[in-house]
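There are 2 protein chains.
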Amino acid sequence: MERRLTLRARPARAARQKVVIIGLGPIGVELGKLVLSQDASFQLLAGVDLSPQLVGTPLRRLLGPQAPSTSVRETAPAPRGEALAFLTTTSSLRGAAPSILALLNQGYHVVSSTEELSYPALRAPRLAARLDRAARRAGRCIVGTGINPGFAMDVWPVILASNSQSLEHVQVHRVVDASQRRGPLQRKIGSGLTAAQFEALAREGKIGHVGLVESCAHVADLLGWPLDRVQETLVPKLAPRRLRTDHFDVPSGRVCGIHHRAVGSQGGHERIVLDLQMYLEAENPRDEVHLRGKPSLHCTVHGGFHGDLTTASQLVSAAVRLWSMPPGLHLASELPAPRRPARRVQLAFSDADS
Amino acid sequence: MERRLTLRARPARAARQKVVIIGLGPIGVELGKLVLSQDASFQLLAGVDLSPQLVGTPLRRLLGPQAPSTSVRETAPAPRGEALAFLTTTSSLRGAAPSILALLNQGYHVVSSTEELSYPALRAPRLAARLDRAARRAGRCIVGTGINPGFAMDVWPVILASNSQSLEHVQVHRVVDASQRRGPLQRKIGSGLTAAQFEALAREGKIGHVGLVESCAHVADLLGWPLDRVQETLVPKLAPRRLRTDHFDVPSGRVCGIHHRAVGSQGGHERIVLDLQMYLEAENPRDEVHLRGKPSLHCTVHGGFHGDLTTASQLVSAAVRLWSMPPGLHLASELPAPRRPARRVQLAFSDADS
Numbered sequence: 001m002e003r004r005l006t007l008r009a010r011p012a013r014a015a016r017q018k019v020v021i022i023g024l025g026p027i028g029v030e031l032g033k034l035v036l037s038q039d040a041s042f043q044l045l046a047g048v049d050l051s052p053q054l055v056g057t058p059l060r061r062l063l064g065p066q067a068p069s070t071s072v073r074e075t076a077p078a079p080r081g082e083a084l085a086f087l088t089t090t091s092s093l094r095g096a097a098p099s100i101l102a103l104l105n106q107g108y109h110v111v112s113s114t115e116e117l118s119y120p121a122l123r124a125p126r127l128a129a130r131l132d133r134a135a136r137r138a139g140r141c142i143v144g145t146g147i148n149p150g151f152a153m154d155v156w157p158v159i160l161a162s163n164s165q166s167l168e169h170v171q172v173h174r175v176v177d178a179s180q181r182r183g184p185l186q187r188k189i190g191s192g193l194t195a196a197q198f199e200a201l202a203r204e205g206k207i208g209h210v211g212l213v214e215s216c217a218h219v220a221d222l223l224g225w226p227l228d229r230v231q232e233t234l235v236p237k238l239a240p241r242r243l244r245t246d247h248f249d250v251p252s253g254r255v256c257g258i259h260h261r262a263v264g265s266q267g268g269h270e271r272i273v274l275d276l277q278m279y280l281e282a283e284n285p286r287d288e289v290h291l292r293g294k295p296s297l298h299c300t301v302h303g304g305f306h307g308d309l310t311t312a313s314q315l316v317s318a319a320v321r322l323w324s325m326p327p328g329l330h331l332a333s334e335l336p337a338p339r340r341p342a343r344r345v346q347l348a349f350s351d352a353d354s
Numbered sequence: 001m002e003r004r005l006t007l008r009a010r011p012a013r014a015a016r017q018k019v020v021i022i023g024l025g026p027i028g029v030e031l032g033k034l035v036l037s038q039d040a041s042f043q044l045l046a047g048v049d050l051s052p053q054l055v056g057t058p059l060r061r062l063l064g065p066q067a068p069s070t071s072v073r074e075t076a077p078a079p080r081g082e083a084l085a086f087l088t089t090t091s092s093l094r095g096a097a098p099s100i101l102a103l104l105n106q107g108y109h110v111v112s113s114t115e116e117l118s119y120p121a122l123r124a125p126r127l128a129a130r131l132d133r134a135a136r137r138a139g140r141c142i143v144g145t146g147i148n149p150g151f152a153m154d155v156w157p158v159i160l161a162s163n164s165q166s167l168e169h170v171q172v173h174r175v176v177d178a179s180q181r182r183g184p185l186q187r188k189i190g191s192g193l194t195a196a197q198f199e200a201l202a203r204e205g206k207i208g209h210v211g212l213v214e215s216c217a218h219v220a221d222l223l224g225w226p227l228d229r230v231q232e233t234l235v236p237k238l239a240p241r242r243l244r245t246d247h248f249d250v251p252s253g254r255v256c257g258i259h260h261r262a263v264g265s266q267g268g269h270e271r272i273v274l275d276l277q278m279y280l281e282a283e284n285p286r287d288e289v290h291l292r293g294k295p296s297l298h299c300t301v302h303g304g305f306h307g308d309l310t311t312a313s314q315l316v317s318a319a320v321r322l323w324s325m326p327p328g329l330h331l332a333s334e335l336p337a338p339r340r341p342a343r344r345v346q347l348a349f350s351d352a353d354s
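Line by line, the protein sequences are chains A and B.
So for the first sequence, this note's numbering puts the first residue at 1; every next one is plus one.
So for the second sequence, this note's numbering puts the first residue at 1; every next one is plus one.
Hints in this document: simulated from the structure, not taken from any laboratory.
Hints should not be assumed to be uniformly reliable.
Identical chains share a label here; the pair holds if one copy fits it or two copies do between them.
[Said to hold, decoys possible] With a straight-line Cα cutoff of 25 Å, these simulated DSS-like cross-link-like pairs (lysine-lysine) come out: (1) 294 / 33; (2) 18 / 188; (3) 206 / 18; (4) 188 / 33.
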């Protein structure tokens, strides 16, 4: 049997969202280019950064010829009407909070890559409640998201868990080949350090992935699991031989990356394992979810979610979906399912009932 | 570095949802058992079915000892306060519409496995608009969902697409081993028919998977793609040798399943391929998504989403998430990300700021 059906497509009306980008580091720049490439959905009002090297730089030099003909500013302009700020300046919730409050006061919604904002009640429940109140008062929304935290190790496994009638255990493995990533990321994972230097930085909390315990708490919250303990381990991956990238030349035996793991448990029983490896020349890079339950489930993203591209994608996706939310501080998991930034299109058979 | 962090867990208050189940076929029974197993989240008020064989049957005989001590009724009772009806009686939107309108009038939200309701504007935009108006007037919600349509070939690939900055092509393969499934499903895919019998039924629309073109339109809508054509093909899988299950004995050369495919295109360019194979002793059962874009993505659920268990899971998951939605007719993709039916739990470090 073969059937050809013609469709009529009715695009939904959608106004362009006015946006600003606060923080023009690698994520802000990637985000800016993505926003400009979707000019049916977004209008970029301004780029903001506090660093003296960037203030006054023409946006077009950073983001390409589609950018508005303005320069990087030190503060966001007052928006006319509803607008949204992408905030990509810091991983720290306490570091980001003053900026978020100021942006709300100006009338901006805030979508941020701040890792600790992905599940803000974990470290700072009172601050999270204060941000929520401020957002409600301003009639605006706040959400913290990205690929990780925000998707790969929290929202995505919980989406897959919607297929299980009951669930005992969640395990997520993310293996990232850092050889293909930008220099600052290769530095962030400790490339070239000795094991002792790595251990010292790890004890001070100056190395490792920010957001892993937030992801663990986010998963537990959505699954209704009252965890009482999270055990976090961070050990270096050591180069099995000399490893060279465009940015580093790592002798054999030196650090070539991180192995960061968070294990959440309840009454001594392990419930959630989040296992992240980011290292040079990683073998079999992938994102993998194992759910043990009724039914169990095993899912693999071959090659893994791409780090930098997907962070920008997730921030833009959240911005599109935030528009329909009530005011307040939201988790990425509270947004409706992702849709593309482009306008939705209602489709009907051409001989349908209307 | 190793760190043990203690957590304090604060369960969110959540009232039990009052529910009824309309239609006590295989899906309704699976759903009833699932609802009863989650008695912290749900209270089953009644089971309803029109078939003379079922009316008057004690619910406990169908659903087990946890069921209320009532019998199957012909109509839903008038609910006190807010309640939700699971409707699992038909695949047809026009068939389900009178029941949905009656349930709204009684004050029920409606979550239905009706396949054509998963994207109702495709076949009946006026009827869909009428259901939406009726739901708004009643202050209640309607959603049609399940594993397929509702997740595996529509919502799930679009969730994965949130990681791509731009997207050219979506391809989804679902391969189901029908040998492990219930007898009615093995019958539904044509087990034991001749190829000619299959082709005749296919031309009359009496065999094949209901909802494949709905999934295609749903994906296109969320991606903002104004498709102008869907080509649907349905051909039998023929048994390569004698195949025996608990329910069928299929001679070599007879039908042992379906290969159903929908290809959506725009201006002659193929954009979406949904390819479903359900047959006895299927090789490499799986759910697989290929996205071509920036970045591309390839994801596999090994063994595939389990059919009957996951349909019930998705219906219950939608019921939990529907509670926070504004009144109206919603697509499954408009709900917030899935969470477990159990109460959510806010987690904080025990030394956090509060």
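Structure-inconsistent hints, enumerated in ascending order: 2, 3
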